[in-house]
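*Asks:* Sequences listed follow chains Z and B, in order.
Numbering-wise, the working numbering comes out as the position in the first sequence, counting from 1, plus 10.
Numbering-wise, the working numbering comes out as the position in the second sequence, counting from 1, plus 200.
Everything labelled a hint here was simulated from the structure, so no lab data went into it.
Don't take every hint at face value.
Derived DSS-like pairs: lysine-lysine, alpha-carbon spacing no greater than 25 Å straight-line [stated by the list, open to error]:
{"hint": "1", "chain 1": "B", "residue 1": "LYS578", "chain 2": "Z", "residue 2": "LYS95"}
{"hint": "2", "chain 1": "Z", "residue 1": "LYS133", "chain 2": "B", "residue 2": "LYS449"}
{"hint": "3", "chain 1": "Z", "residue 1": "LYS126", "chain 2": "B", "residue 2": "LYS523"}
{"hint": "4", "chain 1": "B", "residue 1": "LYS289", "chain 2": "B", "residue 2": "LYS523"}
{"hint": "5", "chain 1": "B", "residue 1": "LYS393", "chain 2": "Z", "residue 2": "LYS128"}
{"hint": "6", "chain 1": "B", "residue 1": "LYS207", "chain 2": "B", "residue 2": "LYS578"}
{"hint": "7", "chain 1": "B", "residue 1": "LYS460", "chain 2": "Z", "residue 2": "LYS135"}
{"hint": "8", "chain 1": "Z", "residue 1": "LYS126", "chain 2": "B", "residue 2": "LYS393"}
{"hint": "9", "chain 1": "B", "residue 1": "LYS312", "chain 2": "B", "residue 2": "LYS207"}
Partial selection, computed: residues in chain Z whose CB lies under 7 Å from chain B [what the hints assert, rightly or not]:
{"hint": "10", "residue": "PHE101"}
{"hint": "11", "residue": "LYS227"}
{"hint": "12", "residue": "TYR236"}
Since the model is a prediction, treat every value here as computed from it, not as a measurement.
Glycine is no exception: its CB is placed at the ideal position from the N, C-alpha and C atoms.
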Amino acid sequence: MNPIVEGINLVKVFGEGSEAVVAVDDVSISINPGELIVIMGESGSGKTTLTSLLGCILQPTSGRLFINGNEIDYESQDLSLIRRKSVGFVFQLFNLIPYLTALENVMIAMDIGGIKDKEAEIKAKELLSQVGLSDRLNHRPSQLSGGEQQRVSFARSLANDPLVVFADEPTANLDSRNSASIVDLIEKLCRERKTAFAVVTHDASLRKNADRVVEMKDGKIINIEYK
Amino acid sequence: MKRVFLKDMAYRKARVILTIISVACLVLLILLMGGMMNGLNLQARDYVKSVDRQAGSGIVWLSSERSGSTFAGFSLINSEYLEVLKTAKGVDKNTPLSPLIFAQARPIINGKEKKAIVVGYKMGMLGGPSDRDLKDPTSPFYPIIGRLFQPSEYEGPEYVPPPEVIVDERTGLEIGQTIELSGKPLRVVGKTKGKLFVFDTPLLFVDLRTAQNTVLSNVLYVNTMLVKAEEGYNESILAEDIKNLSPIKVDAHTGDQIVKIIKANYVDEPMKGVRALRALLWIATGLIVAMITYVTTLEKSREIGVLKAIGASNSYVILMILKQVLLTTVCGVVLGILMAIVSARFFPIVVLISVRESFIVAIITIAVCSYGGYIAGKKAASIDPMIAFRGR
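Input sequences plus hints: build the corresponding full structure.
*Replies:* Written out as structure tokens, the structure reads:
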């Protein structure tokens, strides 16, 4: 099976000289279609930086990145185009647009992708139904609970049918009941839609459902556990 | 999702309203300043053009040699000395040479010293209202409320006509009231409408002898003579001819030249500061919009970071901000123009808000603000999408 995302010898250094911090240190990793990967590690171990590199948010200091078999050329390629076509993101702080409803928050990702309103609305409703929010379409983020906001965030991440969704600590700001439902949602979306998920988390409950668990320390992968 | 930018504006409506009001106030000031200058320019040419219309065009204004005209320097002419011009080449023999006094004065009006221009002319000659202005709406000094003053029957220091004056309605005087000019009382017998010199200075029309008797201490001189060019003879050429006519030594200007002199001396020079202030206001408008947009952009850095993280291109972000700036500025400009049109009516001096100038002000303001918005948009587009991950 060909990986959909493959990073080879990725290095990311922040700062220069004596203040330089190596956040990701010579990491090679690949993500296969429909795979659920959990990336674990202590704070500052480089998990978020690695997902940002794999999701084309950050440019590596050195190393190579392939998405769907094509090597990313950071000098000439429009990274925003790659992000909207191939990658989805879920953030720890939900990051929904406060003045848009749940439906519009999903639609905006498609608007960015150039999809027409009518088509976007139908698809956004489907996605919100899939995450169990078909009765909360016209609610604004301030009218939704943390768990509901995170569900909208997952629906948004899937709006442009990405190859992979990177979720950064998706349960960190939720209580245990909501965390558990989000964990179930991730597995459900991954298995039903055959979309790969790379989830950065401290939540051990995700471990048991993952296809692979990657442990990081000091910017390096120290262990990979296959299930 | 074509209205995302509108939803964002509605969410931040207090700031949007504040920006619209700021732009509107600055546009109001810019337009009022321009309107004031338009009003002054209109007043600068009104009297000269009225005299030109009275003659049917082709008037040459004479003043003392090197005076630069009555409107620029000191001029005193013995009108009899210029009688020789009647037979000069190019001068219309059917229109008499018209002596004129055009002088600034400080009459006492309703017990207060006021600024005014005394226009002394001979009834029936060029320079002021005549019988025609009482009934013909197309005549240059129409309408005259009341009657004309009684002219002097003879010339000479001992012959002074009844002390009568035609004032502009802006003086607030009623017919029958009396004003004092150089210590001499003059009775108001008629009123003009809107006959004002620059800065709303009212014109007081009196008989030439009355003007000589008051502002010139009864000296039988004038400060201007009006000559009409004959049909087919260019007044510019006539003005040049008269300047070179020996032994007469006078300055001669066409009506257009006189208007230019008045504008240069009474409008352009004092309004230099206003022009500079106008340019500064435009810059201030752009800066205000750019600063408010920039501060708003900083406030929603994370939202923009999220949009970028989920794939928004730089042009998507810039366009979203530009649409907001454009709509805010257009609203501000429209409100400013409306406020200017309304407030111009209540302004203490004549303010003319022209459609053309409003359009130009709108275009320049929108362009300046859009540039400010573009800079803020560029700054927004440079926000690192990493901000979406940890809020920093």
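*Asks:* Are any of the numbered hints broken by this structure? If so, which, sorted upward?
*Replies:* Structure breaks hints 2, 4, 5, 7, 8, 9, 11, 12.
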